[in-house]
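A.B. asks: Chain residues, written in single-letter form:
Protein chains: 2
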Amino acid sequence: MPKGQPSVVPQDGLTTRQRRNRPLLMVHTGTGKGKSTAAFGMALRAWNQGWPVGVFQFVKSAKWKVGEERALKVLGASGEGGSVAWHKMGEGWSWVQRDLEDSEEAAREGWEQVKRDLAAETHRFYVLDEFAYPMHWGWVDVGEVVDVLRARPGTQHVVVTGRNAPQPLLEAADLVTEMGKVKHPMDAGQKGQRGIEW
Amino acid sequence: MPKGQPSVVPQDGLTTRQRRNRPLLMVHTGTGKGKSTAAFGMALRAWNQGWPVGVFQFVKSAKWKVGEERALKVLGASGEGGSVAWHKMGEGWSWVQRDLEDSEEAAREGWEQVKRDLAAETHRFYVLDEFAYPMHWGWVDVGEVVDVLRARPGTQHVVVTGRNAPQPLLEAADLVTEMGKVKHPMDAGQKGQRGIEW
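Taken in sequence, the protein lines are chains A and B.
Taken in order, the first sequence gives residues 1 to 198; the numbers are from the UniProt record's numbering.
Taken in order, the second sequence gives residues 1 to 198; the numbers are from the UniProt record's numbering.
Please keep in mind that the hints were generated in silico from the structure rather than gathered at the bench.
Since this is a predicted model, take the numbers as computed values, not measurements.
Note that the Cβ used here is the ideal one computed from N, Cα and C, for glycine as well.
Where hints are given, some of them may not hold.
[Stated by the list, open to error] Residues of chain B clear of chain A, computed beta-carbon distances all greater than 12 Å:
id: 1; residue: Phe40
id: 2; residue: Glu80
id: 3; residue: Gln97
id: 4; residue: Arg98
id: 5; residue: Leu100
id: 6; residue: Glu101
id: 7; residue: Asp102
id: 8; residue: Ser103
id: 9; residue: Ala120
id: 10; residue: Glu197
[Stated by the list, open to error] Derived, one-sided and incomplete: chain B residues facing chain A with beta-carbon distance under 8 Å:
id: 11; residue: Leu24
id: 12; residue: His28
id: 13; residue: His184
[As the list claims (entries may be wrong)] No farther apart than 30 Å at their CA atoms in a straight line, the calculated lysine-lysine pairs in the DSSO-like style are these:
id: 14; chain 1: B; residue 1: Lys191; chain 2: A; residue 2: Lys88
id: 15; chain 1: B; residue 1: Lys183; chain 2: A; residue 2: Lys183
id: 16; chain 1: A; residue 1: Lys115; chain 2: B; residue 2: Lys191
id: 17; chain 1: B; residue 1: Lys115; chain 2: A; residue 2: Lys73
id: 18; chain 1: A; residue 1: Lys60; chain 2: A; residue 2: Lys115
Using the sequences plus the hints, can you model the full thing?
C.D. replies: Given below as structure tokens:
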């Protein structure tokens with residue numbers, strides 16, 4: 001819980017207000033739990049501000065994050081806050097009509113849509129969930145990602161999650177949190193359970 | 001994203017199913033961001049399962065977590081998932097009629113209510129937000145907390161957040177995640193902003 005006192009005041013020609021409202025690029029990485037969960041928790045704040053929220057899930061699992069998805073969709077439909085658009089690679093991106101051959105192609109299609117949405121300023125808060133993986137695997141060029149994110153127009157906050165976030169992304173990010181595993185129930189032989197893991 | 005394969009199978013006399021459904025004690029600690037945010041993100045999963053969720057905020061700040069609070073309350077009232085009870089120390093616990101002299105007394109009152117709710121199995125998922133602090137400061141006895149949590153009846157999941165979580169709590173926990181700060185906007189002179197920090 002930061003107390004609001006920056007440790008340095010940079011010579012960047014910005015007023016405190018301009019600096020305060022600068023759009024953020026955030027990365028949640030590391031081997032521990034909570035990377036995606038914290039990103040979806042942040043989306044609650046964005047929703048509360050009335051901001052349009054865009055979620056892109058760069059994974060192919062059906063089981064994970066159903067709770068977050070349903071909650072965010074109920075919130076988006078409630079009319080009490082911002083809208084919520086939820087895009088899932090695992091079910092085939094909604095804007096792609098043809099069958100995608102493989103995960104690599106699907107990941108690239110997801111990134112193309114993120115680029116279009118950033119250019120159009122479609123959302124104000126983006127969750128690029130597990131997007132660190134396609135960069136790590138070389139499916140999406142991290143140099144291009146950094147260039148596009150650095151040049152994004154307006155006030156669009158972006159949070160990227162996933163293990164092995166590449167170094168150029170970490171360097172470009174305003175905020176990086178590393179979730180470290182200290183202890184996990186699976187170490188004691190316990191499998192994941194409903195309501196906790198998904 | 002664990003793949004569901006535990007690394008060991010313990011000799012605890014439990015079936016896989018019994019072990020899978022064992023209630024969890026979880027701790028989010030460390031100096032980085034995301035400790036509370038990930039806990040509230042987990043609460044979305046609990047809500048989606050229809051579980052009664054109880055939040056106890058052991059802090060005295062009005063500004064923080066308004067987004068999460070409003071979102072969880074809208075979800076709780078939607079009738080689409082579990083109920084949500086949100087208790088705030090900062091506004092005076094709702095069940096305490098008299099003025100509380102100080103934070104230490106208020107923290108102890110909060111813990112007393114947690115004990116009553118655990119004994120009555122009032123909720124199925126508890127967020128004890130920033131509860132690590134009153135333990136760290138010696139306001140609430142960590143030995144008693146560990147005893148009560150270890151002996152809690154039924155299936156009640158508990159997540160405790162806050163820096164400096166005491167060692168006996170970490171030892172008793174099933175899951176511990178340490179959120180480590182790698183980079184934060186305040187290091188670059190940027191103050192916290194609406195929609196991101198609260």
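A.B. asks: Now, for every hint given, state plainly whether the structure supports it.
C.D. replies: Here's how the hints hold up against the structure:
{"no.": "1", "hint": "Phe40", "result": "violated, 5 Å"}
{"no.": "2", "hint": "Glu80", "result": "violated, 5 Å"}
{"no.": "3", "hint": "Gln97", "result": "holds, 29 Å"}
{"no.": "4", "hint": "Arg98", "result": "holds, 28 Å"}
{"no.": "5", "hint": "Leu100", "result": "holds, 21 Å"}
{"no.": "6", "hint": "Glu101", "result": "holds, 23 Å"}
{"no.": "7", "hint": "Asp102", "result": "holds, 19 Å"}
{"no.": "8", "hint": "Ser103", "result": "holds, 14 Å"}
{"no.": "9", "hint": "Ala120", "result": "holds, 20 Å"}
{"no.": "10", "hint": "Glu197", "result": "violated, 7 Å"}
{"no.": "11", "hint": "Leu24", "result": "holds, 6 Å"}
{"no.": "12", "hint": "His28", "result": "holds, 7 Å"}
{"no.": "13", "hint": "His184", "result": "holds, 6 Å"}
{"no.": "14", "hint": "B:Lys191 with A:Lys88", "result": "violated, 33 Å"}
{"no.": "15", "hint": "B:Lys183 with A:Lys183", "result": "holds, 24 Å"}
{"no.": "16", "hint": "A:Lys115 with B:Lys191", "result": "holds, 28 Å"}
{"no.": "17", "hint": "B:Lys115 with A:Lys73", "result": "violated, 34 Å"}
{"no.": "18", "hint": "A:Lys60 with A:Lys115", "result": "holds, 21 Å"}
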